[in-house]
Every structure is written in C-alpha cells, then in structure tokens.
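Visitor: I would like the entire structure built from these sequences, with the hints used as guidance.
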Amino acid sequence: DTAVSQTPKYLVTQMGNDKSIKCEQNLGHDTMYWYKQDSKKFLKIMFSYNNKELIINETVPNRFSPKSPDKAHLNLHINSLELGDSAVYFCASGIGLADEQFFGPGTRLTVL
Amino acid sequence: QQPVQSPQAVILREGEDAVINCSSSKALYSVHWYRQKHGEAPVFLMILLKGGEQKGHDKISASFNEKKQQSSLYLTASQLSYSGTYFCGTDLTGGGNKLTFGTGTQLKVEL
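Chains as they are written, first to last, in this note's numbering: chain A, 81 to 192; chain B, 22 to 132.
Warning: the hint list may mix true and false statements.
Said to hold, decoys possible - Think about it this way: if two alpha-carbon atoms lie no more than 20 Å apart in a straight line, the pair counts; the simulated PhoX-like pairs of lysine-lysine are:
| no. | chain 1 | residue 1 | chain 2 | residue 2 |
| --- | --- | --- | --- | --- |
| 1 | B | 119 | A | 116 |
| 2 | A | 120 | B | 58 |
| 3 | B | 58 | A | 116 |
| 4 | B | 119 | A | 121 |
| 5 | A | 132 | B | 119 |
| 6 | B | 58 | A | 121 |
| 7 | A | 124 | B | 47 |
| 8 | A | 124 | B | 119 |
| 9 | B | 129 | A | 121 |
As the list claims (entries may be wrong) - Here are some of the chain B residues that sit facing chain A, going by a computed Cβ distance under 8 Å:
| no. | residue |
| --- | --- |
| 10 | 62 |
| 11 | 65 |
| 12 | 70 |
| 13 | 106 |
| 14 | 108 |
| 15 | 119 |
| 16 | 120 |
| 17 | 125 |
| 18 | 129 |
Honestly, the hints are just simulated from the structure, not real lab data. Glycine included, every Cβ here is placed at the ideal spot set by N, Cα and C.
Guide: Written out as structure tokens, the structure is:
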C-alpha cells in the first residue's frame, strides 16, 4: 500500500497555464506539507496543514493555492505558471515535528 | 537561516566511514536527517531532539550539540546503498510545523 501518493508524476505545460497536483496519504496523519525542490536540489517548505487548517505559508506567491478537503488530502493549485515554477514538488505527511515525515514520490513540473 | 552542511560532496570506497555535519546560526529545538537517492523522495533517517532524545534507524548514528547548534551524522562501514544526497532539517521552535533543510551533502560509495 502506498503511504503518500501524488498525481501526476510528471507535468509539462506552457507558461500562463493553470495546473493542479493532488496528494493523498493513508497513514492517518494530521499534518501534511508541500515542499519545492529546485534544480539545485534545494528543498524548501511551501505550506503546512494540520487537520485541514493552514499552519504555515512560507511567503509563497499567491498564485499557489493549497486546498485540503479532508486531513488525508492536500492538493496544490498553481495559477499563471511561470518558468521559475519548474521544479519537483513533494507532498509529505507526519504526526508532527517530533516524528518523521513521509514523502510522496514527487511531481516533476516543467514549464515551457 | 538555512543550515549549512559540510562537506558538499564526498566519495567513499565501500567499507569506509564518513561524517556529515550540519550547522545552524540559530538555536535549534531538533535536527532531522533524510537521505534522497537520485530521482526519488527523501527518506527519514533520524531525529535528534533538544534534551537528548533520538528517534531513528538502528544502523544510523548521529550527534546533536545544542550549545554549538550543530549536528553530525556518522556513516560507518559504508555500503553502496548509502549513496545519495543527505539533508539535515532544522526546527527552531519545537512548536511549529516547519523544517528548514540544509544545502545537502552528496555521498557516493564506490566498490
């Protein structure tokens, strides 16, 4: 059974388009995260949700809008995509920061 | 605020040992270590908490010097499977939900 899953795995799109990435976890965790990993492998947190509520928004452009319909799902919608949005986006879940985070397989977004 | 890791890269022969360091300019509540293989997701290795508690895999060892805001990950008798990029993540508050990951250390183990 997959613990944290993301769809799609690859996403290639044109500048200006809108796209969504979906994430689901079956671990029963209350906390979910979105991370962005750039071409230099720098891994940076974007958002953190706890029980469907936004806890952290790391000064991410408001073109990025996370949505958590329930505590097992955290989706990421991106409007007006820009070249600089190209990266690998990881979803993760956990109990809290005193415990491990489980990462999804990642979504490689390429904006042309 | 991003923790600094050293070395940036290291190449080992199988069986050799290595130490990866993580240093922060701010006081830390906990340090987390993850390994990421090429094209894959980061995988948890260990958490070191202020006060001395540790959680992680038995075959991994690490230290946390709270006064110096530093942590070190010790890889002994390295195996080919140890290859990957190692990240430390730091939690400054203990009460939040934010990890700030370091610059990464690329480790390659060769025969």
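Visitor: Please work out if residue 119 of chain B and residue 121 of chain A have their alpha carbons no farther apart than 20 Å.
Guide: 18 Å, holds
Visitor: Just to be careful: measuring from the Cβ of residue 62 of chain B to every Cβ in chain A, is the smallest value less than 8 Å?
Guide: 4 Å, holds
Visitor: Within a Cα-Cα threshold of 20 Å, do residue 132 of chain A and residue 119 of chain B meet the stated pairing?
Guide: Within the cut-off at roughly 16 Å; holds.
Visitor: Take the shortest C-beta to C-beta distance between residue 106 of chain B and chain A; is it under 8 Å?
Guide: 6 Å, holds
Visitor: Is the interface hint for residue 120 of chain B satisfied, with its Cβ closer than 8 Å to some Cβ of chain A?
Guide: Because about 6 Å separates residue 120 of chain B from the closest Cβ in chain A, which is inside the 8 Å limit, the hint holds.
Visitor: Tell me if the straight-line CA distance from residue 119 of chain B to residue 116 of chain A falls inside 20 Å.
Guide: This hinted pair holds, its Cα atoms lying about 14 Å apart.
Visitor: Does residue 121 of chain A sit within 20 Å of residue 58 of chain B, going by the straight-line distance between their CA atoms?
Guide: 11 Å, holds
Visitor: May I ask you to test the interface hint for residue 129 of chain B with respect to chain A, counting a Cβ-Cβ separation under 8 Å as satisfied?
Guide: 14 Å, violated
Visitor: Within a Cα-Cα threshold of 20 Å, do residue 120 of chain A and residue 58 of chain B meet the stated pairing?
Guide: Holds. Residue 120 of chain A to residue 58 of chain B sits at ~14 Å (cutoff 20 Å).
Visitor: If you take the shortest Cβ to Cβ gap from residue 70 of chain B to chain A, is it below 8 Å?
Guide: With Cβ-Cβ at 7 Å, under 8 Å, it holds.
Visitor: Hey, residue 58 of chain B versus residue 116 of chain A, does the alpha-carbon distance stay inside 20 Å?
Guide: Given that 20 Å is the threshold and the Cα spacing comes to 16 Å, the pair holds.
Visitor: How about residue 125 of chain B: closest beta carbon in chain A under 8 Å, or not?
Guide: For residue 125 of chain B, the interface hint holds, since the closest Cβ of chain A sits about 5 Å away, which is under 8 Å.
Figure legend: structure checked against the earlier numbered hints; the only hint not met is number 18.
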